[in-house]
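There are 2 protein chains.
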Amino acid sequence: MKEVTVYAPATVANVVCGFDILGFALSEPSDKMVVRISDKKGVTIINKDDFDLPTEASQNVAGVALLAMLDALNGEVKGFEIESTKTIKPGSGIGSSAASAAAAVVGANELLNKRFSNDELVGFAMCGEAVASGAKHADNIAPCIYGGVILVRSNDPIDIIPIPAPPLYVTVLHPQIEIKTSEARQILKKKVTLKDAITQWANVAGLIAGLMKSDYALIGRSLTDVIVEPMRSTLIPQYDEVKKASLAAGALGGGISGSGPSVFMLSSDEATAHRVEAAIKQVYDKVGIDFHLYITTINPYGVKAIV
Amino acid sequence: MKEVTVYAPATVANVVCGFDILGFALSEPSDKMVVRISDKKGVTIINKDDFDLPTEASQNVAGVALLAMLDALNGEVKGFEIESTKTIKPGSGIGSSAASAAAAVVGANELLNKRFSNDELVGFAMCGEAVASGAKHADNIAPCIYGGVILVRSNDPIDIIPIPAPPLYVTVLHPQIEIKTSEARQILKKKVTLKDAITQWANVAGLIAGLMKSDYALIGRSLTDVIVEPMRSTLIPQYDEVKKASLAAGALGGGISGSGPSVFMLSSDEATAHRVEAAIKQVYDKVGIDFHLYITTINPYGVKAIV
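Chains as they are written, first to last, in the working numbering: chain A, 1 to 307; chain B, 308 to 614.
Derived from the structure by calculation, the hints contain no laboratory data.
Hints are supplied without guarantee of correctness; some may be wrong.
Claimed, not checked - Below, simulated PhoX-like cross-link-like pairs (lysine-lysine); rule was C-alpha separation at most 25 Å, straight line:
{"no.": "1", "chain 1": "B", "residue 1": "K502", "chain 2": "A", "residue 2": "K190"}
{"no.": "2", "chain 1": "B", "residue 1": "K497", "chain 2": "A", "residue 2": "K189"}
{"no.": "3", "chain 1": "B", "residue 1": "K502", "chain 2": "A", "residue 2": "K180"}
{"no.": "4", "chain 1": "B", "residue 1": "K348", "chain 2": "A", "residue 2": "K195"}
{"no.": "5", "chain 1": "B", "residue 1": "K348", "chain 2": "A", "residue 2": "K189"}
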């Protein structure tokens, strides 16, 4: 049976001021998935990790994504089989479900000689994401598939804009607590003041310009969120202290990854990223919650498929 | 008496989705101002046009801007004299007061051997603008002084980001009606839905990326305003028809200039800008309001001073 092995990276969605529209891919961690065309109808799911994710296709993000693709193939392919070995912990806020969905559709597309465009793949994968988050959003899936920093200008119709960016080092803190995306959404107010909205889009504009100009100082000044962070940061123990210590250690800025609980901080160089890591460790060692803390970079490639 | 002659361009603020943060300078029209250092205390204003603007310094935008500069000079210079010949009609929505304020401070700064930075000049000129609009905003002043497309990421502290842009042709419609900035501000709702705010900052991000990538199609897709246009467009007769006709004629997009009544449409080339002009004329010929209609370009230089 012809098969392809796919590696799908973790991703950071929202990116401080870019709520619901910005995301970037991380070099580490990434999920591994083997995808095969199968004679069995539908999607057969084999989990080779300990996360105990559903094997029923209609309840599995990769399964739903592939069912959407099978629909589009209109009977031409009977089914797919996937063997999933996840490293990205579900619920960590760094695009675990997006990685599963993206890996599945990119792998299947390789086996179909790249029948579908990247934008079509994003569309299939979004159907999978909707199972996990209750909403169709591409801000994890698009950077996972495309790599780099991605602007999702519109989800419907999908409009994905790669944003050139200078090298950035990412210090990630993953407190071992659970925050459900749906709950994190409920905490948001439905209305915001026009004044705050203007501040937010000024910073979004500054961030895009800063990234495209490789202007680290401007990136830093623009990494300000007056809308979502004040509400969601209450869900993460010692969030303000972590941020304060990171900035004092030289981080450009950072915030909650997706809907949390992971927190990311950006630095312009590796040495600073290590100082930020040490500063966060000092804060979190006292909190009494287990946590993972690591340094990675922005992954410019996205999903990799090896036939 | 040493003097300098300054030409200050008209400017378009807001730029559709970029409410309160974006602006660009126009090649035409521009104001002429002669600035002199004077032995007379304060600011002496001589108006050489028919607009009947106040000659009392404290009530004149250029006067207030120069008074702010005199304050900063702390007695070193006694006063300034300005001779103003305006072409940009006050109240037209293309930064008439900003041009006066910018001309005055740039001219004075030339006579002082460029003592002040551009950002400081923006600060002085903003004091002048506040007289006209009741609020300190730099989204006309900054593009007037800097030229090109300008992002004002923050008014306090001032943070001005030039945004590289491809050639753009601007068709401007100026219906001869009066809309006061303060009234145009009152029509705005104080709160907006988070959903609309997200749509707006997605488009702002798309517009910045489109300009910096010279991607005309992306610029066009991003020129969408779901927050301010729906409210303010009601102040301009046949606004929807003008916009519809412009887009049908090939305009990338456009909207209300500042708080109106001028309306601008962007095109990627001159021939299209002429088609857009013809399409707008066809609509406005039937309205029964006097109007000016002209084509210009984005002015990359800003205020020019000739000693």
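Here is how each hint holds up against the structure:
no., hint, verdict
1, K502/B / K190/A, "8 Å, holds"
2, K497/B / K189/A, "15 Å, holds"
3, K502/B / K180/A, "20 Å, holds"
4, K348/B / K195/A, "39 Å, violated"
5, K348/B / K189/A, "54 Å, violated"
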